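Whenever a hint applies, use it, and build me the whole structure from the sequences.
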Amino acid sequence: MNAGSAATPPPGLRRALTTPLLYFFILGDVLGAGVYVLVGQVAAASGGAVWVPLLVALVLALLTAASYAELVTKYPRAGGASHYATRAFGPAVGFVAGFCMLAAAVVSVAALARGFAGDYLGAFVTLPVALVAVVFLVLLALVNARGIRESTRANAVATVIEVGGLLVVVVLGAWLVLRGEGDPERLVQLGTPEKGAAAAVLSGCVLAFYSFVGFETSVNVAEETQDPRRSYPRALFAALATAGAVYVLVGVAASLTVPTGVLASSSGPLLEVVREAGGVPVRLFSAVALVAVANGALLTGIMASRLAYGMARDGLLLAVLTRVLPGRRTPWAAIAATTVPALLLALTGSVATLASTLVLLLLAVFLIVNTAVLRLRSDQGEPGHFRAPTLLPVLGAASCVLLATQVEAEVWLRGSLVLALAAVLAVAATKRRRRPEAEAEEDEKV
Numbered sequence: 001m002n003a004g005s006a007a008t009p010p011p012g013l014r015r016a017l018t019t020p021l022l023y024f025f026i027l028g029d030v031l032g033a034g035v036y037v038l039v040g041q042v043a044a045a046s047g048g049a050v051w052v053p054l055l056v057a058l059v060l061a062l063l064t065a066a067s068y069a070e071l072v073t074k075y076p077r078a079g080g081a082s083h084y085a086t087r088a089f090g091p092a093v094g095f096v097a098g099f100c101m102l103a104a105a106v107v108s109v110a111a112l113a114r115g116f117a118g119d120y121l122g123a124f125v126t127l128p129v130a131l132v133a134v135v136f137l138v139l140l141a142l143v144n145a146r147g148i149r150e151s152t153r154a155n156a157v158a159t160v161i162e163v164g165g166l167l168v169v170v171v172l173g174a175w176l177v178l179r180g181e182g183d184p185e186r187l188v189q190l191g192t193p194e195k196g197a198a199a200a201v202l203s204g205c206v207l208a209f210y211s212f213v214g215f216e217t218s219v220n221v222a223e224e225t226q227d228p229r230r231s232y233p234r235a236l237f238a239a240l241a242t243a244g245a246v247y248v249l250v251g252v253a254a255s256l257t258v259p260t261g262v263l264a265s266s267s268g269p270l271l272e273v274v275r276e277a278g279g280v281p282v283r284l285f286s287a288v289a290l291v292a293v294a295n296g297a298l299l300t301g302i303m304a305s306r307l308a309y310g311m312a313r314d315g316l317l318l319a320v321l322t323r324v325l326p327g328r329r330t331p332w333a334a335i336a337a338t339t340v341p342a343l344l345l346a347l348t349g350s351v352a353t354l355a356s357t358l359v360l361l362l363l364a365v366f367l368i369v370n371t372a373v374l375r376l377r378s379d380q381g382e383p384g385h386f387r388a389p390t391l392l393p394v395l396g397a398a399s400c401v402l403l404a405t406q407v408e409a410e411v412w413l414r415g416s417l418v419l420a421l422a423a424v425l426a427v428a429a430t431k432r433r434r435r436p437e438a439e440a441e442e443d444e445k446v
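Sequential numbering of the sequence shown, starting at 1, is according to the numbering used here.
FYI, nobody ran anything at the bench for these hints, they're computed from the structure.
Quick caveat, the model's predicted, so the values are computed rather than measured.
Positions of the beta carbon are idealized from the N, C-alpha and C atoms, including for glycine.
Just so you know, not all the hints are guaranteed correct.
As the list claims (entries may be wrong) - Pair by pair, the computed Cβ-Cβ distance ranges are:
#	residue 1	residue 2	range
1	398	128	54 to 60 angstroms
2	185	59	21 to 27 angstroms
3	131	387	49 to 55 angstroms
4	196	230	43 to 49 angstroms
5	18	262	40 to 46 angstroms
Following this line, the structure appears as structure tokens:
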């Protein structure tokens, strides 16, 4: 190969995403299954005023979103948190960030599998949660292995269904208020028998934060955005604000219409709003919720398997994970490797525990991202990139630490095992990558 051809850079990705398309991409990622499942758990942790921890979680998410906006526009290429961490702190920390993202995706799929097996499915048939979770995850893996044709129409339909279901809840809540029903006093009830108002809100925030995750995966389409410096910050903040407004309204509707105890004990909390208000068939809304949960799990499962495949292809995970089906060309080994732990987690953890574990792993990633912004301030990056006020990444990092202190000991045990495994694999991966580099240097000397 001559010098000229060796210096020719590979073709880049096509820049096809406009600001509106990017906005809907991020909104579709954020709006989804989490709020359908977790509103009741948030109520159990914080009290009747469900909208408060949802609003606080939005503010905390916006802090880290500002750091992502700076890094994405500064380094507009695929790779996400792992790429930023590698630039700031080296490949070992970059691996930890990537592995935590992978683990968080697996945990999310497990949580959604249990959510699918709850009261929404119970509107049609009563089956053991464990059986439904196993069948659900196996079918998910088979669909993933078969291959999914990319279709913006399908994504748009799924997003419309999910948002439509949430708007139905908001309208039903307003309808109950106009009928003179509901209990406005619950909108200001914060605290539980075990915790005061402030501690309860923070505890609820850990779960509410789950509803806002998803925006961090949008960094992987930065290379395909027409003008990322202009488009990404606008689309990101607008999408989070939209999702936050919808979630807060859903929280208000749920608080007004359903007693806190009923909400907290339900695995299909928004279904309780529909039952209380009437006017909408319970099975119809349950079907909408099941579509939202299944779609969220499928998209997350696809992302997890492709991330595992990509890390294996880069030499960061075992090479066996790069194996693909001969005909379908789908990464069957990576799909299996991400499905098995998801299945084990779904059988051994509750939805609340799994959601908290996912948040803990993402808090570790977000802490790295917020500190990476400060570490990379001396690097110019792309000219004219978005620059977050220094206080925002500082507060973002502090918020990650604060929320982590609210995570229960059982969740910390699970999360610590994942973080320890990530650290061990990071050392091994770094050594594997250094070995060819050292051999290349020796060849040059010879």
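Hint check:
The given range of 54 to 60 angstroms is broken by residue 398 and residue 128, whose C-beta atoms sit roughly 43 angstroms from each other. Against the hinted window of 21 to 27 angstroms, the Cβ-Cβ separation of residue 185 and residue 59 comes to about 25 angstroms, which satisfies the hint. In this structure the hint that residue 131 and residue 387 lie 49 to 55 angstroms apart at CB holds, the actual value being about 52 angstroms. At roughly 44 angstroms, the beta-carbon separation of residue 196 and residue 230 lies within the given 43 to 49 angstroms, and the hint holds.
In this structure, residue 18 and residue 262 meet the distance hint of 40 to 46 angstroms, their C-beta atoms being roughly 44 angstroms apart.
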